[in-house]
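Asker: Take the given structure of chain G and dock chains S, X and P to it, following the hints.
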Amino acid sequence: MKNPRRRFLSLAGAAAGLVAVAGCAKDAPQDTWQPAGPNAEMIDNLQRPVFLVAGIVGVIVFAAVAWVVFRYRDRGQAIPEQTHGKPAVEITLTVIPVLILIGVAIPTASTIFDLAKTDDTQMVINVTGQQWWWEYDYPAIGDNAAKYGLSQPIVTSGQLVIPENTKVLLRVTSRDVIHSYWIPKLNGKKDGVPGRVHLLRLEGSKPGIYAGQCTEFCGLSHSYMRMETIVLKRADFDAWVANQLAPYEAPAEGTLAKEGEALYIQQCSRCHQVNGLADAEGNLIVSAPEQYVVSGAAPNLTNLMTRNTFAGASWDLLTQECRDVVWKASADEFGAKYLAGVSADCLNQKDLREWLRNAPEKKPMYVDPTKLQETGGKYRGMPALGLTEDQIDALVAYLLERK
Amino acid sequence: MAIIERPSTEIAVAGGATVGVKPSEALGVFKRPGASNSWRDWIVTVDHKKLGIMYGVAAFVFFIIGGIEALLIRLQLMGPDGKVLSADQYNQMFTMHATTMVFLFVMPMVSAFANYFIPLQIGARDVAFPRINAFGFWCWLFGGIFLNTSWFLGGAADGGWFMYAPNSSTLFSPSHGIDFWVLGLQITGIASLTGAINLIVTVLNMRAPGMKLMRMPIFTWMALVVQFLLLFAMPVITVALFLLSFQREFDATFFDVAAGADPLLWQHLFWIFGHPEVYILILPSFGIVSEVIPVFSKKPLFGYPIVAMSGAAIGFVGWGVWAHHMFASGLGPVSVAVFSMATMAIAVPTGVKIVNWIMTMWGGKLQFTTAMLFAIGLVVQFTIGGLSGVTHSVAPSDTQQTDTYYIVAHFHYVLFGGAIFGLFAGFYYWWPKMFRKQLNEGLGKVNFWLMVVGMNMTFGPMHILGLQGQPRRMGVWTEARAGEGFFNIGFWNMIASIGSFILAVGVLMFIINIVYTHKSKRVPIAPLDPWDARSLEWMTSSPPAEHNFDAIPTVNHLDEFFHRKYAEDPNSHEIKQVASAEEVLADLNSRPDEHIHMPSRSYWPILVALALPIICYGLIYNRLLMAVGAAFLLLTMFGWAMEPSTASDDDFDPPAPGEGGGHTKELAPLG
Amino acid sequence: MADTAVAHHTTTGLSNNKLGMWLFLGSECLLFGGLISTYMLYRGRTNTGPQPDQIYDIPFTSVSSFVLLMSSLTMVLAVSAANRKDDRNTNLWLTVTAILGATFVGGQVYEFTAFYREGLGFTTSLFGSSFYTLTGFHGVHVTVGIIMLMALVGMVRRNRIPGSKAETVELVGLYWHFVDIIWIVIFTLVYLIPS
Amino acid sequence: MMITTSSKLLYGLGAGSLAAGFVWFVANEGQQLGSVMFAFLAVAFIFLGAIASYTRDGHVLSTDTAAHASSAASQKSVGRSLWPFGTAVSAGVTVVGLISSPGIFKVGVALLIAMLGEWMISNWAERASSSNEYNTKVRDYLVHPLELPVAGALLLAVIVLSFSRVFLALSKSVGAIVFAGMGALILFFGALIAVKRQANRRVVGAILGVLLLALAGTGVATALDGEREQLTEAAEEDHFAHRGCTEEKEYSDKKASRAVSMKSSILANVILTEDGQLYAEATGYPGQQSAITIQRSNPSTILFVNESSEARRMVLSYGKVVEDLGDGVERESALEACTSKVEKGGQQAVTVVVPKPSSASDEPFTITVPGVEGAKIDVFVP
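Respectively, the protein sequence lines represent chains G, S, X and P.
Residue numbering for the first sequence follows our numbering, beginning at 133 and increasing consecutively.
Residue numbering for the second sequence follows our numbering, beginning at 219 and increasing consecutively.
Residue numbering for the third sequence follows our numbering, beginning at 45 and increasing consecutively.
Residue numbering for the fourth sequence follows our numbering, beginning at 91 and increasing consecutively.
Chain G with its partners taken away, still in its complex shape (with noise of 0.2 Å):
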């Protein structure tokens, strides 16, 4: 049986007695029994054995109760023997749960450290849950700068980014509360907690999207705390590190981009950071978000477009026939696909929008007032900015060329 869920279908659907179903979900894309990588495999080749045995004992259990509800109901019998046990029977039955249990403590003791294993690690990423988003940072020392060409640290946030059958150790940490990294199909999870620093091991062997979620409550909008980790041919990384580490590049003058750099330097660039953009007098900008927001931090947007979502991962920056297009590439036409980013036609204008105008109606966040004191007036994430339609016209157009 190919099919997962058919599979434990077969046996819950027998635990509940409701069997019958002929079908499950093609595809959830958040499936944990579909591994695309050595570290999900390494858990589905031990939860999966573990689950039949469960399902053998349950369905044996159930025998035995119906038989015994069949078999000895009250048909006008005698009262039966007072006996108070036979300690062969109670013995035999304590022992056969303990041999199955050690059967299967054995592989778990040694997948658990197997899972833990980091000495071999070839990449390394900081990932920084917030308050409802993730960061990712890609710091430049030691094998990232040596060997993937990272000769500045990557800031970015959403969707990460790592090369194709590569150990990448995530060490994910917190800025706020508890928050946890999940990426279903390529490990299980680990919480980011702040002041701590866990290590988390993911490695994909085929190019693509995988979608993950935040696992651990985590406030307000827990819900729309969403991440992916795309994974790329290591040419296709090449490429996408290059890009990202590409100098600032001005809108032309006289363009409705220029005007949205100018609101955005305005409006959006005392929280979110565009490397390299400079105000009139040619300084750098770097803006600094903990005096606004209490997580501290906002989403890097130097090269927002070639992300593919946005808003904690939230939403598509891609309409749906352009995100078919990229999220149901095969393997080989992925990378490529990928990397084209966001296209003016491709655009998912309305989502873009929506949140452009009013945010924290798009994602609950305290934004509320009154409610701002209790917080040292800082918001918890992104406030409505009372933009008019013009001036998010000016923004899209602007955000359209940050790739």
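Hints listed in this document are in silico derivations from the structure and should not be mistaken for laboratory results.
Hints should not be assumed to be uniformly reliable.
Unchecked claim - Anything over 10 Å on all C-beta distances counts as not near chain S; from chain P, calculated:
#, residue
1, G102
2, W173
3, L238
4, V240
5, D328
6, T336
7, K344
8, P389
9, A439
Unchecked claim - Where chain G lies over chain S, by a calculated footprint (3+ residues, C-beta under 8 Å):
#, stretch
10, 295-309
11, 396-410
12, 569-575
A quick note: this is a predicted structure, and the numbers were derived from the prediction, not measured.
Every residue gets a Cβ at the ideal spot worked out from N, C-alpha and C, and that includes glycine.
Answerer: Here is chains S, X and P on its own, set in the frame of chain G:
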């Protein structure tokens, strides 16, 4: 209450002499209340049976509240982009649903059964500390009400019942909800602690002659284990709650990461309490079905000592597995491996119980009453929950499933399919004992089947949802990321939501059943021993008199009552009935005990308990109010301490009738 | 009537009250266990305020610990007097125990004030929060003990201790010794073992 | 008559609370809590009153007018009263407090409330019957639950506070000796009285009273005299608030070395070796590093381990901050976080939040050890 004014007429008559002026020995404004039939008696009662009933009624009200919260959650998740609740309301809803069900329904419902039946099952006249018992009940009730008033005072707690730091700090949860949660649980915690001490002492010290530990009914056994768990688990959560309340109310730094704190401290403290808590919730139900199954199988419990000992073993090992709730929180591989193994170990005693229940039924003479059906329902559903539990003990697999709906499915199979089904078995089984009438069996079976279907339809699909990757505690899901195909997240969420309403109708049937049973004239008074039961609580009138037994029986067997009714024919080795229940009771009561002393009613428990929420409101809103509450507490505690443990006969209002009529029993000053 | 309590039969032979007190103390062990663990985890953590070694006044705390220990001795004397039904000496030793306890609490209040002056507030650092919480909880326990002792004195005076006087004194004695022993643990772990 | 005497009092109190609540509500607009408190009081009193009525505490039958006329409530008040005097004194204290200090004012208000309460109760009790003895009993019955615990608490507070004030005034070493002396004295007196069985109760009581007075007196005297110099100094200077990050020795460096109990929260260990080398070990990176990254705006704990023979401190410099001092004056100061001076073999952690990326600063962010040439670790904040 009577401020002393009683003597006025006598004074007039006797010219100022204090004839008839017999102020209470108590140093306080209140005289001891006497027995009466009015509502007042419920306020001042220290009778374990009355308190048990009050626990039960109040807990059931909270069950309905928690159920409504659950239905709102399922409504919200029924379709994509649910609009029933806002994100904030959703967070409050699931926090309070769990808190209510755990602390305000299952735990007190267990207290209800334990209070009512432990003294009866061990042949005692009351618990060891009746006033403390009453105090515990009022603490719990006021704590629960206090907790729920937060709905009307700016929103309830929104941090999840696990209340992980630092999300629970004022910065991330600025409303007062968590303050109410922390303080409310402190108050209910007092109830758990006093209840634990009280019941342990009762069980260890007040057993009838011949009632050895290994002759105790299994429900009493399990309840005893639970009380020990409570005794040692409550102080741990108390510490955690103190730390959190100091952080929120007085700006302490315990969970302030910028000051160098470690948020995992909370998780460890919480789960050191939280995991034993799971057994606190489930073991009493194990006890109940271990009573029910033998009765309706006409066989003693198979392997009684092993069931008792496995309960104790669960209680013991339960302390060593808390970190399996934290496999994803970065403990390090060694800790994870150790806790993973320990968790597997705890599956063994649990499995033993299931085996023993099946073996009890094996070769029996099964009667499928509603109580028995619920018990069998527990055996089946708990097995599913237990097996999914075993899949969690495999830590790597758990890192995929933890915090997804798979976990939600797991613990609802354990807690709803297990604990709550057990409680319902108890309702049907013990109803005639408590209320003289048997609940209708027909309605009962409808109730059972609706609950079974509803329960499996609600929580069964959650296994699949979890494995498809739907995390817990998310207030909305979107079509865009629900997966493709017909059987995607949307489909299963819909099924679960429909199931939850079937479940709700099932619970409604129970309420209808109660109303029908007690309102309909056609329902007769139940016979003395409707189920042909086995243990001591059935060897007295229904409901039992205030003093429980006219004569305390001497116990010679496990299942003493059964052995007084039945005997083995020495020739044919057949079990033959030798006496009816009525005959057994008549025989016992033919030599009634004399000078039965029962505990005196008291106002103090409810008054002392009342001071606590006042202090807590003060802590949240106004320190002056806190001082008022503290003064009130001081005053009432003084009153309690000065109330004589042994009230004299004239210390009643109205005075106890006749010589030796009212009656108190010896209560020591702590009582 | 009062004396029937002694005669009352219990299955274990221990009186209900004594068993109850033992259970309560068992529960208290876990409470202090939790607080001590918190302190041990956080004892060195401070970014701005002073550290343990910098403010502890070991000689003073040793003396105050000794005073508390001595109060256990006087408590034993009170219990033995109560057993002899010697009301006068029971009262005397209960009073002395209470005064010694009050002296200890006075020493703790002094210590808290002094530490606060030297820069260790409740909210200064993790060390501060956990130190004050742990020792404060203990101080509250001692204070409650003193109140119990005072109440006992009142009861003995009014000849109003129901049941067995000696047992009530013994129960309070149990509590008092427990509080003392906890202090020994705290004193060793918090003050003496260098962090 | 349905309303009995005791309930009358309680209903009266309830009505009074209601009125007070109303006045409060009108007087303090928007401050509802006070009203809520009074409302709560009113409900409580009325509830108690209702119970009293319900139980008809006097058992005076409403129809029995003769009994009613002779009932306790109808009796004349007897005896003289000191309460007006006490109330006047309290009022005086309150007024003085109003002028001089809020502390005294609060004491005055508390006294006033106590006096009025006591006055009310005694007056009420005096009407209870014509028997003085009985009236006293009634009064005690009613007020003891309040008086006794408060008196006990006050006694305890006097002893505890007096002790602590005395020690605060004494020097550190003398304090311990005096403490020991006090303990010994208490034990000695106890033993003395225990042995001298013929000792007069009154004498013992008197001695105790005198000792208590002396203690309270000393307490007040030392409190007025002020705390010992070092404490006053410490409070004024606030030794630990402003820690310098230079090589010099600071007050806060005294005995500063310490181990950190739990290492899991450490982002990086920074180790100063015996030969003056500085390197870092960070979670997830293999081997010894000469550079570390710190996430921006994120509380990060760095542990400094000193293996060199000198006492050293670690300094993390992370840019500059410009403060606006008003009037166009700006002050630029370095952002630094540092440990205390750590002895050889000692460790100390420092938790820091770096708000800006290192690229925003002209100078690189570094970890250094003052006094050790060349000891430097680069810090990247992306």
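Asker: If a hint holds in the structure, say so; if it does not, say that too.
Answerer: Now for the hints, and whether the structure bears them out:
no. : hint    : verdict
1   : G102    : holds, 13 Å
2   : W173    : holds, 20 Å
3   : L238    : violated, 7 Å
4   : V240    : violated, 8 Å
5   : D328    : holds, 18 Å
6   : T336    : holds, 23 Å
7   : K344    : holds, 21 Å
8   : P389    : violated, 5 Å
9   : A439    : violated, 7 Å
10  : 295-309 : holds (count 4)
11  : 396-410 : violated (count 0)
12  : 569-575 : holds (count 5)
In summary, the numbered hints that this structure violates are 3, 4, 8, 9, 11.
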